[in-house]
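Undergrad: Work out the full structure: start from the sequences and follow the hints.
Listed below are the residues making up each chain.
Protein chains: 4
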Amino acid sequence: MSRHYTLTISCPDRAGIIAAVSGFIAQHGGFIVEASYHTEHEEQRFFMRQEVRADSLPFDADEFCRRFAPLAAEFGMEWQLSDSAIKKRLVVLVSKQDHCLDDLLYRWRSGELQVDIPCVISNHEDLRSFVEWHGIPFIHVDMSDKSAAFERIAALFEEHRGDTMVLARFMQILPPSLCQRFPRRIINIHHSFLPSFVGAKPYHQAHQRGVKLIGATCHFVTDELDAGPIIEQDTVRIDHGDTVDDLVRYGRDIEKTVLSRGLRYHIEDRVLVCGNKTIVFK
Amino acid sequence: MSRHYTLTISCPDRAGIIAAVSGFIAQHGGFIVEASYHTEHEEQRFFMRQEVRADSLPFDADEFCRRFAPLAAEFGMEWQLSDSAIKKRLVVLVSKQDHCLDDLLYRWRSGELQVDIPCVISNHEDLRSFVEWHGIPFIHVDMSDKSAAFERIAALFEEHRGDTMVLARFMQILPPSLCQRFPRRIINIHHSFLPSFVGAKPYHQAHQRGVKLIGATCHFVTDELDAGPIIEQDTVRIDHGDTVDDLVRYGRDIEKTVLSRGLRYHIEDRVLVCGNKTIVFK
Amino acid sequence: MSRHYTLTISCPDRAGIIAAVSGFIAQHGGFIVEASYHTEHEEQRFFMRQEVRADSLPFDADEFCRRFAPLAAEFGMEWQLSDSAIKKRLVVLVSKQDHCLDDLLYRWRSGELQVDIPCVISNHEDLRSFVEWHGIPFIHVDMSDKSAAFERIAALFEEHRGDTMVLARFMQILPPSLCQRFPRRIINIHHSFLPSFVGAKPYHQAHQRGVKLIGATCHFVTDELDAGPIIEQDTVRIDHGDTVDDLVRYGRDIEKTVLSRGLRYHIEDRVLVCGNKTIVFK
Amino acid sequence: MSRHYTLTISCPDRAGIIAAVSGFIAQHGGFIVEASYHTEHEEQRFFMRQEVRADSLPFDADEFCRRFAPLAAEFGMEWQLSDSAIKKRLVVLVSKQDHCLDDLLYRWRSGELQVDIPCVISNHEDLRSFVEWHGIPFIHVDMSDKSAAFERIAALFEEHRGDTMVLARFMQILPPSLCQRFPRRIINIHHSFLPSFVGAKPYHQAHQRGVKLIGATCHFVTDELDAGPIIEQDTVRIDHGDTVDDLVRYGRDIEKTVLSRGLRYHIEDRVLVCGNKTIVFK
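Protein chains in written order, with UniProt numbering: chain A, 1 to 282; chain B, 1 to 282; chain C, 1 to 282; chain D, 1 to 282.
If you're looking for bench data, these hints aren't it; they were derived computationally from the structure. Given the structure is predicted, the values throughout are model-derived calculations rather than measurements. There may be inaccurate statements among the hints.
Identical copies look the same in the list; a pair holds intra-copy or inter-copy alike.
What the hints assert, rightly or not - No farther apart than 25 Å at their CA atoms in a straight line, the calculated lysine to any residue pairs in the SDA-like style are these: (1) LYS96 with THR257; (2) LYS282 with SER147; (3) LYS277 with ASP242; (4) LYS87 with THR6; (5) LYS88 with ASP242; (6) LYS282 with ASN123.
TA: Printed below as a string of structure tokens:
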């Protein structure tokens, strides 16, 4: 994949936005590799994502931003430009269950997930050896004083210049203050098809209710538990013969699939947020 | 398909049940075509379904029942024997939306759904012509007096010797008394993936929440709204570009698929109930 | 859905196409409702689809075409503009199996499929009553002289000003001359997951091979049997217990689903062809 | 999961088999945990799998076999009894691609896959460190003399008392002699939805053909390339925007899922073979 810039925009909807933005890019010889648009009708708000080949432009990302700013101002845009040459930094939080971590680290070391992972943070020591085998620092945070622990996690996230905090089956509920401090930057995998089975032990809840499919949900964390904007979901069929243990086992596969897809979308700047919903430009 | 008897059993779990039942069948030369078992561990209850070729037995269904009764008593079985030569009778209730009705009548007239449909009941006149083209009586029930209307529906169901009442997008909530009068005999299709989005306008609720899949649920009707034992469910992927109207359109396909599957299982005596859950022997 | 024009374009790839086209539209105040792009890299060819709200433009479709022509010529575009107010005309060909026909006619009469169906043509009389109940002319074509029969079918298609000929389980192989006469205008549903199980009795072939999923394929008809550009496909799980009859039954559901999806894409001008492949802008 | 014996049987079909076998088990107080049956009608052959709780029987597996032998002989059964306390031994063959290996070793070290892995064999050195981190011997086999290399592989398999040889993306074609030497004991994952795209570069073939779904197939290896009995398959949706590299990426996920499911079925003695087809008792 050659280097490219990804421009994401949201602004009030009106005619001429696409023409203005693609005109700006064309005027500098920019070659658009991928382009996606969406209008959120209830909000009368327009969303847009364009990938431009870096080598087709006569200037770098900073100069792009300088030149684009007046146009953005004219349309009242919230926007950002990201450069594929600068990898996003994921700080991963785990507890004892390692299926999502294993999956993420495999995708990372195979080059499928183009990110940096400056550290893995855990409230347990169990996964140290596996993480360190990858050459990634493993940091244990003691949770006996929760308030201090979450302060430390926030500090570690900032110190390691994390872009996104990934809760890869981190079995602790983040305090609202932490959620509000990093809006749209904390991603969780919940082991149910939300909004069903919020909170603890969703597989037990699902077994109890006798549903015929179980699911998993990748979402941004907000200060309301399991209620943030949904990025990705999927389900898998079960039947009456499956025990809670079977659900947990099927669930592991669906959890890691959904998390890795949601993360990929996020890292590639495909996920925009509107209210409590996401636009995902696949 | 040659004629067969289907024996369904539920009883307290213990060793030797399969041997006793299959021994009884073998002793009379019975040829087992299909057999399924399940133990509900929390309840310590055993469930079983066996199909036997009718022409392999030296007696008819009545005689089978007479001879089997002592064995059933010994094991404390709840059981029934159904004869594939005697078609189940479905009374279908609809309002104005006809996608589920169209699907059911197609499967019926093509011979895929081996049932009798003595009548279709509706609180509107819209679907009369389509139903009558099939040679099926169409009965309009006026809902202005709800209590009387549901009395009439119950009476029509009994008068037409219905085995199962199918709510094929019937947009009226049945009173608890009616639900209790025909336990495990009323089947509904709900247009969400229960337990999410109970009640009215589930597609609006789903759109509002920003889920990435929508679903449908076929379930037995009990006196608690949308909370009866689930027979079948499925989901379909949507995305941010889909309006509520799109969800409704995708939903129609998933609703009719889920209802027809659930009904088929029920008609073939594949659905057993344990508490608020179903065992579905596919 | 308000009236809109859909502009589809294919041309050699280069920088500035999106800007030129969206600039043209913006210059006349056009409001873009939906836009999709794709580059076929091996062919260095660019594909594009844009929906514009008709009431946002100061002229009609003809004038749009006149004004757009110079730009199209400059970029070497193959292009067309279609008007949502002018319904496409589908001529449907069937034999005896009616599941796809039933599905199409249901979607047509419920308003989901926005087309005109000027006639249904069949080599059997079986489906006359059902088609005529819809108020659609049913035309029987005798196949004893195949060459004359296909001449007649082509003549009927033209006489009824058909845009697309739909082979909804039409069990006759079209002669190459007919296929070549209406390129990209004849759509077939094949009852296998192509390229597996080309030709006759695909469900028998699938059963024989012991596959664990079966499928269906909606494709443009070319003069090579079952080898034209694929528009849509899907699969469904089966298992060792399923007989050929069961596969046929599951297959009916997947066939009608795949055909109706493929047709919808085609009718909405979402399907562009590049060599033997399709671009489907969903 | 408590210890259990799994009895698998295939024999000519007739009345009374289930009764005879379950009678034998019941007579010794055996508690049946799970039971499945299937008749392959064309072959008039019956297949059966029963799990019995070990602690419900008054004797061990050897004694079970001794006592069961006369009954088995009477019905002309091919049969085997396996003991959940004795883990199957998998010898895994890999080349450079490690997604399937990573997945298998994760499931192994997390306890989900209840097997022993006495060694991993490869024609490359790349994966040594990862395998050895797990404490599993890694054996490099030089392929410059193919005939000698496959002799060595066969010898290693026997020396390590392998039950099943797993080709986890092993990019060498096994010679017919090796396939015949270990019938139904070599399992491959092929990166297409067979029978489509046999042989080399199936993702390139799929991309070339323009299919809308790609798949993977887990099958027993026979002396005809990619033509052995299919154990498990699945598919995933792609679209026109996906490059061959994208197909490879999606493919990795579907390959490892399908291989792990197929292996699980095989290890739990759920896979019986009839001609070139499998019965999979899930």
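Undergrad: It remains to establish, for every hint, whether it holds in the given structure.
TA: Verification of the supplied hints:
no. : hint               : in the structure
1   : LYS96 with THR257  : both (19 Å within a copy, 23 Å between copies)
2   : LYS282 with SER147 : neither (38 Å within a copy, 48 Å between copies)
3   : LYS277 with ASP242 : between (33 Å within a copy, 13 Å between copies)
4   : LYS87 with THR6    : within (13 Å within a copy, 39 Å between copies)
5   : LYS88 with ASP242  : between (39 Å within a copy, 23 Å between copies)
6   : LYS282 with ASN123 : neither (34 Å within a copy, 38 Å between copies)
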